[in-house]
Amino acid sequence: MKKRSIITTLIIAMSSLMLASLSYAECIINMTYKEGDKLPLIAKSPDNSGAYLALFSQAATRIGCTLHVTRLSKKRLHKMLAEGTLDFYPGASFSKKRSTYLFYIENGFSTGEYGITSLQQSEIMRYEDLKGRDLTWVLELNSSKHELAQSLNIHFQQRKYLNLDVVHKLIAGKRSVFYVADKELVDYYPKRSGLSSLKAAGMKVHKNCCGGEVPMYLGFSRYSKHFKERKNPGYDAKLAISPTNFPTELDPQSVAYKFSQALRSLKESGETKKIHTQYFH
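Residues are numbered in our numbering as their position in the sequence shown, beginning at 1, plus a constant of 942.
Hints in this document: simulated from the structure, not taken from any laboratory.
Be aware that one or more of the hints could be misleading.
30 Å max Cα-Cα, derived DSS-like pairs, lysine-lysine [to be verified]: (1) 1016 to 1167; (2) 1167 to 1209; (3) 1209 to 1133; (4) 1039 to 980; (5) 1146 to 1173; (6) 1149 to 1133; (7) 1039 to 1216; (8) 1021 to 1116; (9) 1016 to 1209; (10) 1111 to 1016; (11) 1173 to 1102; (12) 1170 to 1021; (13) 1200 to 1146; (14) 1180 to 986; (15) 1215 to 1200; (16) 1170 to 1146; (17) 1038 to 1170; (18) 1125 to 1016; (19) 1021 to 1125; (20) 1087 to 986.
Computed beta-carbon distance windows for the label pairs [as the list claims (entries may be wrong)]: (21) 1189 to 1139: 37 to 45 Å; (22) 1153 to 1189: 16 to 24 Å; (23) 1137 to 1074: 27 to 35 Å; (24) 1153 to 1132: 20 to 28 Å; (25) 1177 to 1115: 29 to 37 Å; (26) 1107 to 1052: 18 to 26 Å; (27) 1193 to 1137: 46 to 54 Å; (28) 1074 to 1207: 27 to 35 Å; (29) 1182 to 1220: 30 to 38 Å; (30) 1139 to 1210: 18 to 26 Å.
For every residue, glycine included, the Cβ atom is placed at its ideal position computed from N, Cα and C.
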């Protein structure tokens, strides 16, 4: 009887170890991004190289996980994030609508948004300045910015794919367009295009229109198996919902929380800055 009890105990112990080992081996965090490039953050699919891969691979490794990357159309990847079959989108602008299925976490990089027009346009200091101008706000299909354009009653047009190269061609073709580009892409554009500046390409940069420099956030699926949340005691319902004022917070037992802490650690140690310098300069 005693021997049987010892054998049973050993079987249970071995099973627990095997399950723990299996759980560790299967800790895969799936980052998703659209198929086009956003250099130097990420290259065009199927090449996933860039600052995003360098940063998030390190963060995943620090918590014993492996980073996988899935490239899809923006519409499809957001559908899968909403279903929880993909884990996170690496650089996400806050959207009240998307916050129903995305939780926003600082990724360690900083960003900002600049307005881009032809050189002939006078300075744009805020989005409301677009009203009354002969300008069309061009947006990539499924961009969260269309919510803002609609709320301000600003004329906009959605296109399947947009970047500074496309906008350059539109402006060169005498199109009266307004485009919002991330600060890091504006800073990097002269290097990638072989131009001395955006001005040399006939494009004017409006640095004060669109919010200034802010932390960059990733959007983690609230329906991912790696995500758990709990009520946020610091939430103020009187204030607008935002990444820093949200009804819930990450559960410390979740992989998403550990991932966020790894990203914070990388930033505090200076590793994030090294990655940024390597890819942007």
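Hints versus structure:
1. A C-alpha spacing of about 21 Å is found between residue 1016 and residue 1167, which places the hinted pair at or below 30 Å, so the restraint holds.
2. Only pairs whose Cα atoms come within 30 Å are accepted, and residue 1167 paired with residue 1209 is accepted, the gap being roughly 26 Å.
3. Taken as a hint, the residue 1209 and residue 1133 pair is honoured in the structure, with Cα atoms around 26 Å apart against an allowance of 30 Å.
4. Between the alpha carbons of residue 1039 and residue 980 the distance comes to roughly 24 Å, so the proposed pair stays at or under 30 Å and holds.
5. The suggested pairing of residue 1146 with residue 1173 is violated, with an alpha-carbon distance near 45 Å, which exceeds 30 Å.
6. For the given pair, residue 1149 sits about 19 Å from residue 1133 by alpha-carbon distance, which is consistent with the 30 Å threshold.
7. Under the criterion of a C-alpha separation no larger than 30 Å, the hint pairing residue 1039 with residue 1216 is inconsistent with the structure, at around 34 Å.
8. A hinted pair counts as satisfied when its Cα atoms are at most 30 Å apart, and residue 1021 with residue 1116 does not qualify at roughly 36 Å.
9. Of the supplied pair hints, the one linking residue 1016 and residue 1209 holds, its CA atoms being roughly 28 Å apart against a limit of 30 Å.
10. Note on residue 1111 and residue 1016: the hinted pairing holds, with a Cα-Cα distance of about 23 Å set against a maximum of 30 Å.
11. As the CA atoms of residue 1173 and residue 1102 are separated by approximately 38 Å, the hinted pair breaks the 30 Å bound.
12. About 19 Å separates the Cα atoms of residue 1170 and residue 1021, which keeps this hinted pair within 30 Å; it holds.
13. For a cut-off of 30 Å, the pair hint linking residue 1200 to residue 1146 is broken: about 42 Å separates their Cα positions.
14. Taken as a hint, the residue 1180 and residue 986 pair is broken in the structure, with Cα atoms around 42 Å apart against an allowance of 30 Å.
15. Between residue 1215 and residue 1200 the CA atoms are separated by roughly 20 Å; this keeps the pair inside 30 Å, and the hint holds.
16. Distance check on the hinted pair: residue 1170 and residue 1146 sit about 44 Å apart at the alpha-carbon level, beyond 30 Å; violated.
17. In summary, the hint linking residue 1038 to residue 1170 is supported, as the alpha carbons are separated by about 19 Å, within the 30 Å threshold.
18. The straight-line distance between the Cα atoms of residue 1125 and residue 1016 is roughly 21 Å, inside the 30 Å bound, and the hint therefore holds.
19. The straight-line distance between the Cα atoms of residue 1021 and residue 1125 is roughly 27 Å, inside the 30 Å bound, and the hint therefore holds.
20. Note on residue 1087 and residue 986: the hinted pairing holds, with a Cα-Cα distance of about 23 Å set against a maximum of 30 Å.
21. Checked against the given bound of 37 to 45 Å, the beta carbons of residue 1189 and residue 1139, roughly 44 Å apart, stay inside it.
22. Roughly 23 Å separates the CB atoms of residue 1153 and residue 1189, a value that falls within the hinted 16 to 24 Å.
23. Judged by the Cβ atoms, the range 27 to 35 Å given for residue 1137 and residue 1074 holds: they are separated by roughly 31 Å.
24. For the hinted restraint 20 to 28 Å between residue 1153 and residue 1132, the CB-CB distance of approximately 23 Å keeps it satisfied.
25. Range check, residue 1177 to residue 1115: about 48 Å between beta-carbon atoms, so the 29 to 37 Å window is missed.
26. The given range of 18 to 26 Å is respected by residue 1107 and residue 1052, whose C-beta atoms sit roughly 24 Å from each other.
27. For the pair residue 1193 and residue 1137, the beta carbons lie near 48 Å from each other, so the given range of 46 to 54 Å is met.
28. A beta carbon spacing of about 48 Å between residue 1074 and residue 1207 contradicts the range 27 to 35 Å that was offered as a hint.
29. Evaluation of the 30 to 38 Å hint for residue 1182 and residue 1220 yields a pass: the beta carbon distance comes to about 36 Å.
30. Between residue 1139 and residue 1210 the CB atoms are about 34 Å apart, so this pair departs from the stated range of 18 to 26 Å.
Taken one by one, the earlier hints fail for this structure at numbers 5, 7, 8, 11, 13, 14, 16, 25, 28 and 30, listed in ascending order.
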